[in-house]
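Protein chains in written order, with my numbering: chain A, 1 to 240; chain B, 1 to 240.
Careful: at least some of the hints might be erroneous.
Each pair may be met inside one copy or between any two copies, as identical chains are not told apart.
[Unchecked claim] Calculated lysine to any residue pairs in the SDA-like style (CA-CA distance at most 20 Å, straight line):
#, residue 1, residue 2
1, K63, S35
2, K66, G92
3, K63, A89
4, K131, L121
Everything labelled a hint here was simulated from the structure, so no lab data went into it.
Protein chains: 2
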Amino acid sequence: MRYELYYWPGIQGRGEFVRLALEEAGADYVDVARSRKGGMAAMLRLMESRAVRQPPFAPPYLKAGKITVGQTANILLFLGARLALAPRAEAGRLWAHQLQLTVADFVGETHDTHHPIAGSLYYEDQKPEAKRRAALFIRERLPKYLGYFERALARSRGRWMVGGRLTYVDLSMFQVIAGLRYALPRAMARRAFRYPLLMALHDRIAARPRIAAYLASDRRLPFNEMDVWRCYPELDRSRP
Amino acid sequence: MRYELYYWPGIQGRGEFVRLALEEAGADYVDVARSRKGGMAAMLRLMESRAVRQPPFAPPYLKAGKITVGQTANILLFLGARLALAPRAEAGRLWAHQLQLTVADFVGETHDTHHPIAGSLYYEDQKPEAKRRAALFIRERLPKYLGYFERALARSRGRWMVGGRLTYVDLSMFQVIAGLRYALPRAMARRAFRYPLLMALHDRIAARPRIAAYLASDRRLPFNEMDVWRCYPELDRSRP
C-alpha cells in the first residue's frame, strides 16, 4: 500500500504528525504537494472539486487506496491500526486517540498565540493582541498542558505515553516539544526541569533510527515563520 | 448499561453534543454533576486524583462500566458504535468522525470570538479584541464552515450528513445551528438562505420525538452567557 499524504509543501504544520508516523513505520508514502508536479493543484482539487463526495475541510489528508481520511487525529487513528502504532484493544485505542485530540487542542492554542484575531491577517496586524495572548499562554496554558502530559506519562510508567509500547502519541509529543522549543526557547528552557519525562521522551524519539534518519534528511522541513510554531522573541518574552 | 456523563452543570457547552446522542438513542444515563449530590466533586476528582490512571484533560467525559472516555468527538466515536448512531463500516465511521472533528474546530473558533485572548479572563477584559475577532469570524469563518457542511450534506443527498441514516453528526449539526442562532441572530438571519439544507436538518432534528421531548424538558439547559454560544449584540453587529 502506497499512502498519499496531502499537505502544504512549505511547513511542518499539522502534516508533520502524520509524516512522523509514516516515517517511524517505514511506510511507503508520497508527500504529494512536495514531490509531484501538479501535486499542489491535486491537493486543492480534493478540497474543492464537486466530484469529491467526501471533501476534507483542510489539509492534511491521506489517501489510502479508495479511502481518503482528513483531520490529523483521525488520520492517526486510521494509521495507528494499520502501522501497529496504537493499541489494538478498544480502551487503549480510545485513550491514545483522546491524548491525540488533546495534543490537537494544544497545537491550536499554540498557533493562536501569534494569530489571536484571524488566520487571514498577518502577524504584524495583530501583534499587540498576540503579545497579550502569548503571555497568558506561557503563564497558564503551557504549564497546564505540559503538566497534564507529564502526569499521563508518569502514570503510564514513564517510558511511553500509552501502555508498554511506542504509539503515534509519543511521536506527536516529540513534535510538540520540538516545536515549542523552537517557538518559545526562553519559556521552555525555564520550565523544562518540571517535565523530565517529556524531555527524555523527546530525546528517545529523536534517537530512534528511522526518526533520526528522517530528521537528518531533506524530507524534514526546517521550522519557519509560516508554521504553527514560530520564533518571535517578543512573544517568548511577553508578560501578562 | 448506565452511562455516566461528567460535565459542568450550568451550561450546554461541549457536553450537549453527548447529551443529544444519549437522548436520541433513549440511553440510560445520569448527568453526574447536575443530578447527584457531590457530583461536581466527583467530576473534579476524575481529573485531579493521582489514583486515576488515564485522567481526562477537561470535561466532558463519559464513564461506561470500566472505560472512561474523554474528548467530545472521541466520546461520540465510542457511543456511535454502541448506540447505532454511526455507520458500521470503517470508511463511513471515519468520515463521520472527520466531520465531527471539523465541528469541534468550528465550536472552538466560535468560543474564541468572545475569548480571543484567554479563557481565564472575563469577556469584559478582552472586548476590543473580541469585536475584532468576531467581525472576521462572521465575514470569513462562518461562511467557510457553514458552506462546507452545506456542501457535504448536499453530496450526501441532502437529508443526513453521513449516508442514508441519522448519525451523531446530524445531532451535532443541529446544536451548532441552534447555538449560532442564539449567539449571532443577526449574522445568521442574513445568511440562512445560503444554507437551506442545514436549516432544514436543524428543524428535522428538533422535531424528532425524543429530541423534541428532551428540548421541552428541564434536562435541556437554556443557552446563557457562560456558554460557548453567548449572545453579545455588539459582537453580532461587529464589522471588520
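Exercise. With identical chains treated as interchangeable, where does the CA-CA distance between K63 and S35 reach 20 Å or less: within a copy, between copies, both, or neither?
Worked result: Within. Shortest intra-copy distance 15 Å satisfies the 20 Å Cα cut-off; inter-copy 45 Å does not.
Problem set entry | Copy assignment of K131 with L121, given that the CA separation must stay at most 20 Å | both (15 Å within a copy, 15 Å between copies)
Exercise. Under a CA distance limit of 20 Å, which applies to K66 and G92: within one copy, between copies, both, or neither?
Worked result: between (27 Å within a copy, 12 Å between copies)
Problem set entry | Up to 20 Å CA-CA - A89 versus K63, copy category | Between. Shortest inter-copy distance 17 Å satisfies the 20 Å Cα cut-off; intra-copy 25 Å does not.
The structure fails none of the hints (numbered hints given earlier).
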